[in-house]
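Residue numbers (numbering that gives the first Met the number 0), protein chains in the order written: chain A, 0 to 282; chain B, 0 to 190; chain C, 0 to 788.
These are computed hints drawn from the structure, not numbers from a lab.
Each hint should be verified, as a subset may be incorrect.
One side of the interface only, derived from the structure: several residues of chain B facing chain A at Cβ under 10 Å [unchecked claim]: (1) MET0; (2) THR3; (3) THR12; (4) ASP13; (5) LEU29; (6) CYS38; (7) VAL60; (8) GLY80; (9) ARG81; (10) GLY103; (11) MET106; (12) LEU127; (13) GLU128.
Using N, Cα and C, we set each Cβ at its ideal position, and we do this for glycine too.
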Amino acid sequence: MIPARFDYVAPTTVDEAVRALADAGEDGKVIAGGQSLLPVLRMRLAAPTKLVDIGRIPELRAIREDGDAIVIGAMATHYEVQRDPLVREHAALITAATDTVADPQVRHRGTFGGSIAHADPAGDLLAPALAMDAEMVVAGMDGRRTVPAAEYFVDFFTTAMTPAELLVEVRLPKYTGWRAHYEKFNRVAQSWSMVAVAAMVRTDGGTIAEARIGLTNMASVPVRARAVEDALVGQAATAENIKAAAANAANGTSPTSDGNADGEYRSHLARVLTGRALTAAIG
Amino acid sequence: MRITVGVDGTRYTDDVEPRMLLVHYLRERLGKTGTVVGCDTSNCGACTVHLDGHSVKSCSVLAVQADGSEVTTIEGLARDGRMHPVQQAFRDNHALQCGFCTPGMIMQAIDLLADDPDPDDNAVRHGLEGNLCRCTGYQNIVRAVRDAASKMAPGAGPAAEQVAEPTLDPASRSSDADISAPAPSHTGGGS
Amino acid sequence: MTATAEPEVGKARLRKEDERLVTGRTRWTDNITLPGMLHLAVLRSPLAHARIAEIDTSAAREMPGVIAVFTAKDLDPAREIGLPCAWPVTPDMKHPRRPVLAADKVNFAGEGVAVVAARSAAEAQDALEAIDVEYEDLPVVLDMEAALAEGTTVIHEDLGTNENAVWVFDSGEAGTGGDVQQAITDAEVTVTRRFRQQRLVPAFMEPRATVVDPTGPQLTVWSSTQIPHILRVMTALTLGLPEHKLRVIAPDVGGGFGGKIGVLPEELMTLLVARKLGKPVKWNESRSDCMATAHHGRDQIQDITITATRDGTITGLKVDLLADMGAYLGVVAPGVPLLGAFMFNAIYKIPSYRFACTNVFTNKTITDAYRGAGRPEATFAIERIMDELAVELDMDPLALREKNWIKHEEFPYTTVAGLTYDSGNYEAATERAKQLFDYDGLRREQEARRASNDPVQLGIGISTYTEMCGLAPSRVLGSLAYGAGGWEHAAIRMLPTGKVEVVTGSSAHGQGHETAWSQIVADQLGVPFEDIEVLHGDTQFSPRGMDTYGSRSLTVGGTALVLAAHRVLDKAKPVAAHLLECAVDDIEFAGGKFAVKGTDKSVGIQDVALAVFAAHDLPDGYEANLDSDATFDPDNFSYPHGTHLCATEVDTETGRVSIRSYVCVDDVGKVVNPLIVEGQVHGGLAQGIAQALYEEAVHDESGTLTSGTFADYHLPSAADLPTFVTDRTETPSTTNPLGVKGVGEAGTIASTPAVVNAIVDALRHMGVADVEMPCSPMRVWQAIQGGAR
């Protein structure tokens, strides 16, 4: 299958890209790694008339340390994120989740920012970003603004960005010394998550000092399992305590139903996988 | 749009529609029909090639995105009439039946071995999870990749150097191509 | 080659095919490009059942690059063309006309309504979006039982019913056994179950494609097909074309698994458009089109009853099937259940048997043969219910099987379904499988896990199967109303330089014929393996053939090769005698040499070939030609068998199943190339396991295929399958001179019930008696919840 015709520009700066998007209006579309977009265009499920390729903007590729944050450029590929020592040290949950994204070929091309901006609730990087209180740095004609993860994801495939805005980078607070695990559950290795749990924990001796948990595909947007987090804080890191806390994992979620999993099963999985993610994280 | 792409050691310059997929550029413009299309959702991996040293699904890359890049396809692996060790291992281990998935499978296997020169069965299976085969049940593919790994290990013989993709061999240039400048060589899977 | 050379048959020869396949020097249909070639794109109905009120193609005709747009009105104005069905299973079978393009009404989502020919594939696709079709919705018929109910919407109004055919076999009436109704009345133990064979997608990796060139003396059709010969005949008959003006070529074909045995509307429309426009035309499909329109497989509901005495002796078997044909009939679709009808009794001595099958039309993609075709369904049902019977009788499931199976000394054995199994040794295969599997050790571990209430439970699944393959004796096919014979043809050409061309009517698409056929001929003629070229898949040089399906190539086509080789030798002998100046009777042939008995005088077959080519010095009246051909028509099927053992671990918290170990010991008779045999088994296992665990073609309530891409239809990757342990026993077939049985479908037939039996076995103590396929984590988890309630 072949996409419908479109115009193509490949700006080399963020300013040019933003201008190109503004010019294109509603019918413009950013192409980052293209790993989600190109199949959609091939199937002609969407037909933007102008693609703005941000793959030739060097600034967007960098992963850097900035004070208390790790900053991942929107065009850093999954492959680069997976192997980045800064990410591994200070944002281990991102490393763990990125390891599970799609397959090696897609990880070579697909980008961190592309996945975030695509806002597929089954995508594996949304829940970690939410759990970590990531901040999305967004550029528009009026300059840049920062959107907290909790406000960035609005609905299925919908973010707080306007069509004329571009995700430039994602700032992740450092969680140095936290232990993290991403527990993914899918039908076959290459399919999307039915449910996944992004968990990170800071322990103090044998006690859980802090916990942050994000759930993948338990609503139209990633959700925090706050009831579980609250139940864990101050508790000894025992199997019983984890299990008791994990029983709250589906609270406040609104999972969809499909052929692979109905809502009841998704909720059940969220509870089981939260327990497993925490157990694996604590080690 | 005008693009210049190095493919299997030859540089080509062409005008293409922005919507043209890299795989269609390879197949229809350059006659690189060894690379095939098996799906439209980027699941099957049959179209896998190396783009600047990394495996990608060429159905999910626009030809214009490959402008200025180096591409290696299944047709660019053999050197001096000798198959790449991974190609040889696929044959030696009966790792193919109909052979349609094979070019993509081999290109991904080479990438996998560049990242992990001595993978166990599980690592091979996960390293190939983006490639579908309907004939073999994968067992002989796994065997072939591990066989190739053992033959490509340091000291395993001259074949080992072929982890790197071929440098330009003037004899392998196609006569009708626009050979404006030699394309630089690059290593498979290196960043 | 000398007389003492090791035979080629039996050697693990590396495949001749591979060198071009691993280097990308391949010739897929989609690679073919001809000057001025046009590209076809098909507009497909998004609705499963609707009237077509109007089709407006005017805007599409004006699109850039568009040469022509056709609807049914243009391609078949007289409404004469109907796609063929070659298996009218009953005299009163209902056969709706399937048009090349829908004219008034669409009957499944994906049916073609218009076709664009344009200068590029992209432009053809663009133009589809400019065609405007006005549909009027009709009620959708999806469920087979609902389709048969009184007052239901009838899909093909002219037929007056959604019932395609009812086919019955009754051992009492056939005289092959007793009356099953009596057995049920008298039974000490009766077990009844309903099993569903979900709809599957064959999912060959190469999407289908066709190129038609109308220039030149013949119409040339390249197609990604398993059946170039049958396609030629059927196309000629369907379109009323003279057969000699058609040349069909199957170039490199990327898998089939039964999925490419069709005569496609797309093949015919490509041909019709090419003829109309006088230009070469290519059609190639996207994967999503392929998923929606290439025929599906399985889709049966099986009601099965087995009766036995308290001591575990089976007394009767009754099967009632519903088989979903989809919206129309595939080429052999109505007969697919019949291929299972003879296999429900499997390897067991069952005194009475009745099978009844009702084929049903629904508003779905057509079904037809998919790897195993009828036999996997039968094997699944009998092997599942054997486990259920074992539970009922409180017997070990292997012991129950052993008590009832045909003992090796009882062959040949005529079954209750009327087939005569020529050979087999179920004891030997089972014994070997048990050793490799550590059956007793795993049973102990299972006990321990149950006792400790381990969240991961272990189950053991058994499948002792046989199949009828080597399709097929023409007389048997005739008695079942199949539209063709089951012979196969081969020809051998001796070239002047001593090289050999072998032409086979069996058209390979991944099976390795070029290699295996070379091995057979090398032994027969004593020429080097490397000196043989195997040609197939082009009706111009291979006019006679019945193609490749039903594990038939080696048993039928391989035997034809042997017969043709014998004829070459018969022709060569007088020349050899002439050259050696001896009597023909004094010549003996071995290792490629004709020798004078009791002397060291000899002449090689290559020298004979050169002498015949030169023709300077031949016996008086000798016709200077060694080339020979032969046709083989078997008088019986062949019956591979084996024992498959599967251990699954079931995570009872999530329902996820993983295969801990899989052992199979298959008996496929004599083996020509063990490498190829092992590969066929592996691939078959993968497909059978995928049916058990992963795959299902799902339609929503509107009849839309919701698993219509590889993102939604769960084909397993390498990461989803285990490493198999395979071994063989070897009981030669007596129905062909090679002693071979066929291996293409064995793995698929055997493995599905082994996996599901293992899952149920793991959960039996939790109250689970069945899990519907595919055994997805949700279904397994739900079964556990249901069992616990």
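Earlier hints that do not hold, by number: 2, 3, 4, 5, 8 and 9
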